[in-house]
Amino acid sequence: MDYFLQQLINGLTLGSVYGLIAIGYTMVYGIIGMINFAHGDVFMLSVFIALILFLLITSLFGGLAIAVALVLVLIIAMALTALWSWAIERVAYRPLRGSFRLAPLISAIGMSIFLINFVQLVQGPRNKSIPPIIEGGFEIQIGSGDITLSYKQILIILTTAVLLAAFWFIVQKTSLGRAQRACEQDRKMASLLGIDVDRTISLTFVMGAALAAVAGVLFMVQYGVVNFSDGFVPGIKAFTAAVLGGIGSLPGAVIGGLLIGLIEVFWSAYFSIDYKDVAAFSILAITLIFMPSGILGKPDVEKV
Amino acid sequence: MSEGEAKTVASDERASFSWISALRDAGFLALFTLGLSFPILAFRTRQDLWHGLVLDPRWDLVATVVAIAFFGRLSWLVVGGRVSRNVQSFATQVGEVLAPLQNYKGTFRLVGLIWLIAYPFLAVLIAGPGGALKWIDNFGIQILIYVMLGWGLNIVVGLAGLLDLGYVAFYAVGAYSTALLSTYFGLSFWICLPLAGIFAAFWGILLGFPVLRLRGDYLAIVTLAFGEIIRLVLINWVELTNGAAGISGIPRPTFFGLPFNASDEGFAAFFGLEFTPLHRLFFLFYLILALALLTNWVTIRLRRLPIGRAWEALREDDIACRSLGIDTVTTKLTAFSIGAMFGGIAGAFFAARLGFISPKSFEFMESAVILSIVVLGGMGSQVGVAIAAVAMIGGTELLRELGWLKSIFGAGFDPTQYRMLLFGMAMVGMMVWRPRGLISKREPSLVLHEKRAIGGDLVKEGQG
Amino acid sequence: MGQAAMNTGVGPALEPILRVEHLTMRFGGLLAVNDLSFDVARGQITALIGPNGAGKTTVFNCITGFYKPTSGRVALMSGGPQSDPAIAALTDSPGRSQRVGRGGVYLLERMADSEIAAQAKVARTFQNIRLFTGMTVLENLIVAQHNWLNHASGYSVLGLVGAKSFREAEAKAVEIAVAWLDCIGLKGRADDPAGALPYGDQRRLEIVRAMCTGPVLLCLDEPAAGLNPRESAELNELLLSIRDGNGTSLLLIEHDMSVVMEISDHIVVLEYGKKISDGTPDYIKNDPKVIAAYLGVEDEEVDEAEAEIEG
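Quick mapping for you: the protein sequence lines, in order, are chains A, B and C. The first sequence begins at 1 in the working numbering and counts up by one. The second sequence begins at 1001 in the working numbering and counts up by one. The third sequence begins at 2001 in the working numbering and counts up by one.
Looking at chain A on its own, in the form it has when it is part of the complex (with noise of 0.2 Å):
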C-alpha cells in the first residue's frame, strides 16, 4: 500500500511535467492543425536556459534565497524559451501557411533536428548537472510502512496547479483566448471579422512555449540533470498525453499527461524498466488507433 501511493506521487508529479508540455502540442494543434514537432526540444531548450540562469543567478547574488532564485529562473526562461518559440513560428512555420499539408511538418522535423544540432553544438554533448537544489520532505507514516512526499514533488505539483489556473483564466475569460476559440473555428472568418490571426497564433506558440519552460524548470528541478537530446522522448509521451486527452482540449492534455505520468511510473515499478517508453508509444498507438478522439476530444465525423 505504501509502495502504490509513494509511485502514485511520483507520477502525478512526473505528470504533471507532461501535461505542462502537452498543452503546448494541442494548443498548436487547436489552431492550425499542425504537429509542431519541434516543441518537445524547445522543452529541452528550456531546461538548459533555466540551468544557466540558475547557475548565473545563484552565482552572482549568493546569498539569494534559493526560493527567489527560482522564481527567477522561472520568470526569465519563461520570456526567454517564448521568444525562441516565437521566431521558431515565424521562420518556419508561418511562411508556410495554407501551403501544402506536408510542409509545415517537415519545416517542423527540421527545426527539430536544428535545436538538437545546435545545443549540442553550443553546449557539448555531455550531461550536464546540478547538485540537488531542494532537499527533503515529510515523511508520512501509513499503515506498516513510510512514504515520502519530498519538497521538490510539492513545488512541482503546486507550481503546475498554479500556473495552469492562470492558464486557464488567460484562455476560458480573455480576448485572447476568444480569439484562439474564433481562430480555432474558422481562420479566414477570424480575420474577416478582423483579428490578427497571425498575432494569435504567434502567441499561442509563444503561451505553449513558456508553458514547457515552466516544465523545463520543473525538470531541472526535479532531475538536476540535462542532455541535448532530452526533448525527443518526453516531447513524445507529452503529445501522446495530448492525444490520449483528446487533441485540441486543454484540460484533456492535462489529464492525458498525468495519465501518462502515471502508467509510465507504475509500469517501471510494477513490470519492466526497460520497456517503459514501449509501454508509452504503445498506448500512443493504441490510443490513436481505437479511440482517435481522446477522453475529452470531439469525434471526428468525416465529410463526404
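Derived by calculation from the structure, the hints in this document are not laboratory data. Glycine residues also receive a C-beta, built at the ideal position from the N, C-alpha and C atoms. Fair warning: there could be bad hints in the mix.
What the hints assert, rightly or not - Far from chain B by the CB rule (all over 12 Å, computed), these chain A residues:
id: 1; residue: 140
id: 2; residue: 164
id: 3; residue: 178
id: 4; residue: 182
id: 5; residue: 269
To be verified - Computed Cβ-Cβ distance ranges for the label pairs, DEER-style:
id: 6; chain 1: C; residue 1: 2155; chain 2: B; residue 2: 1450; range: 25 to 35 Å
id: 7; chain 1: B; residue 1: 1417; chain 2: C; residue 2: 2165; range: 52 to 62 Å
id: 8; chain 1: B; residue 1: 1184; chain 2: A; residue 2: 181; range: 51 to 61 Å
id: 9; chain 1: B; residue 1: 1106; chain 2: C; residue 2: 2199; range: 33 to 43 Å
id: 10; chain 1: B; residue 1: 1269; chain 2: A; residue 2: 271; range: 29 to 39 Å
id: 11; chain 1: B; residue 1: 1269; chain 2: C; residue 2: 2155; range: 38 to 48 Å
id: 12; chain 1: B; residue 1: 1085; chain 2: A; residue 2: 161; range: 47 to 57 Å
id: 13; chain 1: B; residue 1: 1084; chain 2: A; residue 2: 90; range: 12 to 22 Å
id: 14; chain 1: C; residue 1: 2247; chain 2: B; residue 2: 1450; range: 29 to 39 Å
id: 15; chain 1: A; residue 1: 271; chain 2: B; residue 2: 1209; range: 24 to 34 Å
Fit chains B and C to the given chain A structure using the hints.
Using the frame of chain A, we list chains B and C on its own:
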C-alpha cells in the same frame, strides 16, 4: 519589362528606401538575436575538476552573432530586393533555356546510367586506388542506399500519399533478419536478401493493417511510434539481438560464392587479379546500384498498372476512390508493404555491407532524413528523389571534406559538427522556398493523344 | 406491399430497384433522417428534393454506405424484380447479399462504401466535385474501372511482366473511357488534368466517371449546382441518355427545378428528415404541402399549410 520601366522601379525604390527605418529594422533584429543568444550562447556550461558545473562566458561569440544579424539584415534591406529580383529573373531564364531539354529525357537517362556505371572507374582514375575508397564508399554506396530508401518510401508517401514517419523500422527489419538468419542459421547473403524483403513486407502488412484507417498526421505519429517500438525492442531484447551492442560478424556478400578476400578461393585469385579492397567496393557499388534501379523499375511499372493508378487516386481523394468501388484498405496495404519490402532489401544490403549493425543505425532521425529526401525531391517524382538524395546525403558528406576550413576558423573548428545543424536548416529552408519539392510536376501514367506533365498545384498530397 | 410502396398521387406502383424503408439516421442529438421510406423505380429518374438541411445528402450517404444508418433497411434489387419473401429471408439472415440469376438482392445498410460500389453496383457523385484533379481526364476514367482491370492485370503480377492479356484489357478500358468522353464532348481534352477543366465539364466528367464503373443505380448529388442554363440543358440530355441508353436507374438530389421537373419521372420531397410528398412532377408541383414547405409561401399560407399537415 522595358528599360524605362525598370528605371522607374529603381528610382521608386530609392525614393521609398529610408536609412532610418532600415537601421531601426536591423537594430531590432540585432536586439532580438541578443535575446535568443542569452543565455544559451552567451554561457557555455562546463564540468570542472570537482564535477561541478561552471559557466564560461562567451560574449565575443554573442557579439559576432549579433553583428552578423545587424549587418546582414541591413545589407539585405539595402540591396536585397534587387538581388532577389535578379536571382528570380535569372532562375526564369535558366528555366526557359532548360525547358527544351525535356524532350531529350531518354538521352539524359542513358547518359546518367553510363555515368553511374563508370563512376567507380572514374573515381579510381581521378583519385587513385587509395583515394577512391572514400568516393565509392562514402559517396557512391552511401548515397545509393538513400536513393533506394527514398524510392521505396516514395511509393508510400509520394504515390499513395500515406505519411510514414517510421520507415526506418522496415530497414531495421531487413537488416536484423539478414544478420540473424546469417549468423544463427548460416544462410548466405543471396538467400537473406529476398527473405529480408519478404519479412519487411510482412511487417508492413502487420503494422499497416491497424493503422491505415488513420489519416494525415495521426498516421505519421503512429508509424513513428511503431518505428520507435521496434527500435526499443531491438535494444531491450538482448538475448536475441545482443541489445545496444549490436550484431557483428555478419557474413559479407560473395560474388556467386567467391568471397572478396586474399585467399586462394577468393574473387581476386579466381580471376587472376591482384587482391585489393576495391574489388569488394566495386561489387557493393554495382549491387546497390542494381537494387536501386530495380526499385525504380518496379515503381515505374507499377505506376502504369491499375494498382499504381489506384495509389495515386487514393492520394488525390480517398472518398472518391471508395465511391468507385476501390478497396482502399487493400490498396493502402499494398503500397505500404511494397514500400516496406524495398526498405527491407536495402536493410539487408546495409547489414552485409558493414558486417555489423546496431539499433543506433535505426533511429527516428533516419526516417526523418528519408522522408525529407522524398518531400524535397517532389513527392512522386523518381528523378527528384534521386537528386534530393544526392544533394542531402552528398552535401552533408561533403562537409567532412572541409577540413581546410580549419586554417580559416582555427584548429578547434570541425565542420562535421555542423552537418546535422545545416541539414535541419536546409530542411526548413527548402520547405519555405519550395514546399512542393524540386520537381513538383506529375507525369500522366496513360496517354491518349499527347503527353503533358501536370502542374504541381493540381496534384494533391494525400490525407493519410 | 410494404409501406415504402405508398405512392401518393401516382397511379400503379412501379417496379423498384431500390427500396428504402424506415431509414433513420441520428447524429448525437440530431435526427437528420427520420423514419424515411421511398422507392426508386427501375429504369427511371427519381429526384430527391427538399429545402436546405432536409437531410437529402445524409440519405445519399446512407444509401452509398458512407454513413451507417441508425436503423432501417435499404434494399437494392439488381437484375430484375425480386420477391418480398427473398428480401425478408435475407434480412433475417446475417448475410448482406443474395445473388439471384444475373442480379441479386443487396442490403446496402450492411455493406461498406466501396463494397456497395463494387458489388451492388451503385455509383455516386458528390455535391462538391471529387475528381482526381492531379490526374488526367483519361486517368480518372481508367481508375473508375479499377476492379476489373486490376483483376485482368493478375493483381499486378501479369501486368508487371507486360502480359498481352492485360494490355488488351487496358485497351478495352481506354475504349470504354473514350466512348464516354465522346458522349460529353471531352475527347480532345483527355490528356489534360481534370482539375484544369471548367466547372461544368468537371461535373459531367464526374458523372461519366461514375458510369465507367458500370452501375445499375447512379446517385447524383446536385449535378446541376453551379451550372449555367446551357450547361444545365446539356446535363439533362446526358442524364436522359444514361437512362435510355444504358438502362441505368438514376436517383438525384437537385435544387434546380428546371432540371428536376424536366427529366424526373418521379419526385420524393423531404423536409426535416421526413418525407412530405412523393409522386410525379405534376403531382408534386400542385401539392400544397410541397408548396408550403419547399417553394416558399406567404405567412398566412404557412399557417394554412400547417393546419393542413396537422389535420
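Hints, verified against the model:
The beta carbon of residue 140 (chain A) is kept farther than 12 Å from every beta carbon of chain B, the shortest such distance being approximately 33 Å. With a least beta-carbon separation of about 25 Å from chain B, residue 164 (chain A) lies farther than 12 Å from that chain, consistent with its non-interface assignment. Non-interface status of residue 178 (chain A) relative to chain B is upheld: no Cβ of that chain comes within 12 Å, the nearest being about 26 Å off. No beta-carbon of chain B comes within 12 Å of the beta-carbon of residue 182 (chain A); the shortest separation is about 23 Å.
Its beta-carbon lying about 17 Å from the closest one in chain B, residue 269 (chain A) satisfies the requirement of being farther than 12 Å from that chain. Hint check: residue 2155 (chain C) to residue 1450 (chain B), Cβ distance near 31 Å, so the stated range 25 to 35 Å holds. Between residue 1417 (chain B) and residue 2165 (chain C) the Cβ separation comes to about 59 Å, which falls inside the hinted range of 52 to 62 Å. In this structure the hint that residue 1184 (chain B) and residue 181 (chain A) lie 51 to 61 Å apart at CB holds, the actual value being about 58 Å.
In this structure the hint that residue 1106 (chain B) and residue 2199 (chain C) lie 33 to 43 Å apart at CB holds, the actual value being about 38 Å. Roughly 56 Å separates the CB atoms of residue 1269 (chain B) and residue 271 (chain A), a value that falls outside the hinted 29 to 39 Å. Restraint check, residue 1269 (chain B) to residue 2155 (chain C): a C-beta distance of roughly 47 Å satisfies the suggested window 38 to 48 Å. Our hint of 47 to 57 Å for residue 1085 (chain B) and residue 161 (chain A) holds, since their Cβ atoms are close to 55 Å apart.
Under the hint 12 to 22 Å, the C-beta atoms of residue 1084 (chain B) and residue 90 (chain A), about 19 Å apart, fit the expected range. At about 35 Å, the CB distance of residue 2247 (chain C) to residue 1450 (chain B) agrees with the hint of 29 to 39 Å. Residue 271 (chain A) and residue 1209 (chain B) have their C-beta atoms about 26 Å apart, which keeps the hinted 24 to 34 Å range intact.
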